[in-house]
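Asker: Here the sequence shown stands for residues 1 to 90, where the numbers follow full-length UniProt numbering.
Quick caveat, the hints were computed from the structure, so don't treat them as lab data.
Treat the hints with care, since some could be wrong.
Simulated restraints, written as ranges between beta carbons of each label pair [stated by the list, open to error]:
no., residue 1, residue 2, range
1, D68, T14, 13 to 23 Å
2, A70, I49, 26 to 36 Å
3, L36, T64, 28 to 38 Å
4, G34, T77, 36 to 46 Å
5, R30, G78, 15 to 25 Å
6, I79, G34, 35 to 45 Å
7, R30, I79, 29 to 39 Å
8, N65, E9, 30 to 40 Å
A virtual CB, placed ideally from N, CA and C, is assigned to each residue, including glycine.
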Amino acid sequence: MTTRGWQKERTITTVDTVGRRVAVTTGLTRDPEGRLVAVIAVGDGPTAIFRHLNDLDDRPELVTNAADTAADLHTMTGIAPVRQLRRRRT
């Protein structure tokens with residue numbers, strides 16, 4: 001697993017849809033204009049910006065879509081939402 005050199009970098013290992021291990025990394029870096037951004041990357045693939053510094057008051061579409069997809073999983077399978085699972089651990 002390689003690091004990307006981002007600030008506040010966090011990496012987890014999961015599996016892709018065919019069962020291969022893959023790293024998913026999130027962190028903070030600068031975009032081409034020098035703005036601080038939150039980013040995500042899967043494996044050694046490209047980086048996707050999911051939050052700009054000027055988006056902090058809004059919920060960016062990528063974050064909203066991920067939350068909605070997690071809610072869809074809950075609805076279709078009955079698995080507890082992530083926020084409920086986190087509360088149980090603490």
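Asker: All hints, please: hold or fail.
Answerer: Going through the hints against the structure:
Distance hint check: the CB atoms of D68 and T14 are about 19 Å apart, consistent with the given range 13 to 23 Å. Taking the beta carbon of each, A70 and I49 are about 20 Å apart, not inside 26 to 36 Å as hinted. Our hint of 28 to 38 Å for L36 and T64 is violated, since their Cβ atoms are close to 20 Å apart. For the pair G34 and T77, the beta carbons lie near 43 Å from each other, so the given range of 36 to 46 Å is met.
For the hinted restraint 15 to 25 Å between R30 and G78, the CB-CB distance of approximately 42 Å leaves it violated. I79 and G34 have their C-beta atoms about 41 Å apart, which keeps the hinted 35 to 45 Å range intact. In this structure, R30 and I79 meet the distance hint of 29 to 39 Å, their C-beta atoms being roughly 37 Å apart. Here the CB-CB span from N65 to E9 is close to 23 Å, at odds with the stated 30 to 40 Å.
In summary, the numbered hints that this structure violates are 2, 3, 5, 8.
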